[in-house]
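S.K.: Residue strings, one per chain:
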Amino acid sequence: MLPELIAESCQRRPDSVAVSCHDQELTYEQLLSRVQKLAAGLISRSVAPGTPVGVFLGKSVDAYVAMFGIQAAGAVAVPIDPMAPTTVVAKIVEEIGLTTIVVDPIRARKLPKLAAPTLLVGPAITPDTHNATNPLTWDEIDTFDESPIRRVDPSHPAYMITTSGSTGRPKAMVHSHASGLAYAALAADTFGLTHADRLANVAPFHFDISTLELYASPLVGATAVLFPEALLKFPADVSRVVEEQRISVWYSVPTILLHLLERGALDQRDLSCLRWVIFGGEVFPSGPLGRLMKMIPDARFSNVYGPAEVNVCTYHHVEQVPEAGESIPIGRPWADTHVMVVDDNLREVPNRSRGELLVSTTTMMTGYWRRDELNARSIIELEDVEGVIRCWYRTGDVVEWRNDHLMFHGRADRQVKIRGNRVELEAVETAVVDVDGVITCGASVIDGEQDKILIAVVEALPGTRPRDVITGAATVLPPHAVPDEVIIVDSMPRTPSGKVDSIAAVAAVNRKLTGNRT
Amino acid sequence: MNLTTQLLDFVNREASLDPTTQIELETDLLLTGLVDSLGVIRVVQWLEDELEMMIDPVDVILENFQTVARMIDFVELQRVTSA
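Chains as they are written, first to last, in my numbering: chain Y, 1 to 518; chain D, 1 to 83.
Just so you know, not all the hints are guaranteed correct.
To be verified - Examples of chain Y residues lying across from chain D (beta carbon under 10 Å, computed): (1) Lys110; (2) Arg467; (3) Ala474.
As the list claims (entries may be wrong) - With a straight-line Cα cutoff of 20 Å, these simulated EDC-like cross-link-like pairs (lysine to aspartate or glutamate) come out: (4) Lys452/Y <-> Glu282/Y; (5) Lys113/Y <-> Asp18/D; (6) Lys110/Y <-> Asp9/D; (7) Lys110/Y <-> Glu94/Y.
Claimed, not checked - Simulated restraints on C-beta separations: (8) Asp298/Y <-> Arg79/D: 35 to 41 Å; (9) Trp46/D <-> Gly287/Y: 25 to 31 Å; (10) Asp18/D <-> Glu140/Y: 30 to 36 Å; (11) Met295/Y <-> Thr20/D: 40 to 46 Å; (12) Asp18/D <-> Asn403/Y: 46 to 52 Å; (13) Thr495/Y <-> Trp46/D: 36 to 42 Å; (14) Trp46/D <-> Arg370/Y: 53 to 59 Å; (15) Thr495/Y <-> Glu50/D: 41 to 47 Å; (16) Glu50/D <-> Asp139/Y: 46 to 52 Å; (17) Asp49/D <-> Asp490/Y: 28 to 34 Å; (18) Gly410/Y <-> Asp18/D: 31 to 37 Å; (19) Asp18/D <-> Arg45/Y: 29 to 35 Å; (20) Val80/D <-> Arg45/Y: 53 to 59 Å; (21) His22/Y <-> Val80/D: 27 to 33 Å.
No lab work stands behind these hints: they were computed from the structure. Remember, predicted model here, so these are calculated numbers, not experimental data. Heads up, the beta-carbon is just placed ideally off N, CA and C, and yes, glycines get one too.
Take the sequences, apply the hints, and build the full model.
M.R.: Right, here's the structure in full:
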């Protein structure tokens with residue numbers, strides 16, 4: 001079980017620092033104690049094994065404790081985007097049926113009106129709208145004796161990763177303890193992690209990238225250094241913390257590294273402790289990657305790939321500074337992982353042909369929470385080339401084998417990645433059309449100087465202002481899915497079949513937009 | 001309009017993610033999530049354009065941008081030291 005990783009590291013090195021955030025840190029002994037007390041508190045309030053428990057907290061030591069405390073009670077940790085607007089939180093609470101939520105005072109104000117009686121963990125006072133039972137405060141949790149970790153079978157769910165689906169209905173991927181443990185072991189092995197490492201936790205906990213610091217770190221007894229959300233807005237602060245905290249392993253989406261490269265004052269920092277920079281979640285353009293590699297010459301760089309459904313499944317060590325314009329492979333499968341590239345009829349395609357990537361691995365989710373029909377479509381049984389029948393996750397990603405490594409060629413559908421977050425363009429369009437005054441909408445992304453820019457081209461009633469459309473959409477979409485720019489047009493380009501042609505619409509305004517930007 | 005009023009207006013109008021919250025001088029913009037990283041870039045660009053000054057990336061840190069009041073303190077100090 002995942003919390004046992006902490007107990008094992010505690011036995012080996014109780015006084016080593018397990019987690020650090022700002023000026024707060026916990027040794028393995030202190031972390032284990034807080035995890036066990038939280039578990040005891042949850043059990044005292046009748047939280048049953050297998051119950052999903054929300055973690056709606058800013059990045060903090062408390063959030064780290066909450067993830068494991070929930071699992072140590074045999075329950076399932078469901079981290080929620082701490083920046084999500086209330087309506088998005090409401091959908092997650094409803095979809096998963098959360099009736100226990102660990103929350104901080106700032107997020108307690110953002111909680112939706114709760115339909116079912118709910119146990120809030122953390123805050124002392126809760127508003128009436130929360131339908132909350134008597135809250136369980138951290139002070140009360142402190143008074144409990146450390147409960148032994150409630151042991152469950154490794155196939156038992158441990159945590160969920162939620163993502164907004166194409167209809168705006170969230171999908172929750174359920175990962176077992178076995179999946180988390182397999183990931184921790186594979187990551188530790190691939191990147192040679194040891195107890196001496198200090199891992200930067202940059203990704204939020206609702207993002208699968210953070211599983212490196214959550215699970216691989218305690219496996220080897222390393223230190224997880226948490227970077228709070230506010231800090232990440234300031235690349236020069238981030239690089240200072242990397243230096244001061246002697247970060248040795250970094251794992252994030254490329255966007256944050258691009259910000260560090262452009263505005264992180266890297267030339268003024270001593271980053272000699274940084275031995276490995278791992279990136280994934282989206283494509284890292286080779287030009288900036290090359291510049292970054294020259295700025296941090298002593299570190300190794302690796303591209304990792306994998307939808308959150310399977311966590312990570314392939315890796316590629318970038319051994320030489322790439323030429324600008326060169327595509328970085330997503331590499332080859334790591335251990336205990338099989339991949340197949342198939343055509344529409346699920347037949348394997350030859351080398352250098354494009355097809356959909358199927359993945360079979362020990363780090364795969366058990367399925368989407370209560371979505372039988374979706375699971376039947378996404379997870380299939382199929383015989384591989386060796387004649388072994390395996391369970392495969394259909395990624396929907398288009399790839400090709402180029403000799404011994406895989407190249408990534410985008411999506412078969414309209415899903416895009418923005419700052420590493422999945423965004424379904426249909427969901428953006430649906431939300432924008434729901435804003436007062438909007439008639440139709442076509443959404444697409446263009447490449448900005450650093451980030452991808454999400455554009456919504458809109459046909460609207462007279463008097464509708466772009467700013468109103470953005471703020472209207474922001475009340476129902478997660479922050480990364482809110483259009484960066486809304487362009488109002490007189491007439492919307494359409495495909496021959498009469499559908500909104502979002503690509504043509506965005507292309508038509510793109511020239512004007514880039515002209516305005518400079 | 002003086003700089004403080006203009007900056008408050010800009011932050012409320014262009015950088016805030018929540019139009020229902022009125023941002024004041026001492027409102028914490030960053031821990032509350034009222035402004036995201038793109039918003040910080042917009043504020044920096046606006047200050048550079050309005051005040052015809054260059055802001056060193058090394059100075060774009062939480063301490064200087066947590067509230068509108070801090071931003072004002074920071075740019076005032078820059079203007080004094082560069083004058």
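S.K.: So, for every hint listed, does it hold in this structure?
M.R.: For each hint, the structure was consulted:
no., hint, in the structure
1, Lys110, "9 Å, holds"
2, Arg467, "7 Å, holds"
3, Ala474, "6 Å, holds"
4, Lys452/Y <-> Glu282/Y, "11 Å, holds"
5, Lys113/Y <-> Asp18/D, "19 Å, holds"
6, Lys110/Y <-> Asp9/D, "25 Å, violated"
7, Lys110/Y <-> Glu94/Y, "15 Å, holds"
8, Asp298/Y <-> Arg79/D: 35 to 41 Å, "39 Å, holds"
9, Trp46/D <-> Gly287/Y: 25 to 31 Å, "28 Å, holds"
10, Asp18/D <-> Glu140/Y: 30 to 36 Å, "32 Å, holds"
11, Met295/Y <-> Thr20/D: 40 to 46 Å, "42 Å, holds"
12, Asp18/D <-> Asn403/Y: 46 to 52 Å, "51 Å, holds"
13, Thr495/Y <-> Trp46/D: 36 to 42 Å, "39 Å, holds"
14, Trp46/D <-> Arg370/Y: 53 to 59 Å, "46 Å, violated"
15, Thr495/Y <-> Glu50/D: 41 to 47 Å, "44 Å, holds"
16, Glu50/D <-> Asp139/Y: 46 to 52 Å, "47 Å, holds"
17, Asp49/D <-> Asp490/Y: 28 to 34 Å, "30 Å, holds"
18, Gly410/Y <-> Asp18/D: 31 to 37 Å, "33 Å, holds"
19, Asp18/D <-> Arg45/Y: 29 to 35 Å, "33 Å, holds"
20, Val80/D <-> Arg45/Y: 53 to 59 Å, "57 Å, holds"
21, His22/Y <-> Val80/D: 27 to 33 Å, "30 Å, holds"
Hints 6 and 14 from the earlier list are contradicted by this structure; the remaining hints agree with it.
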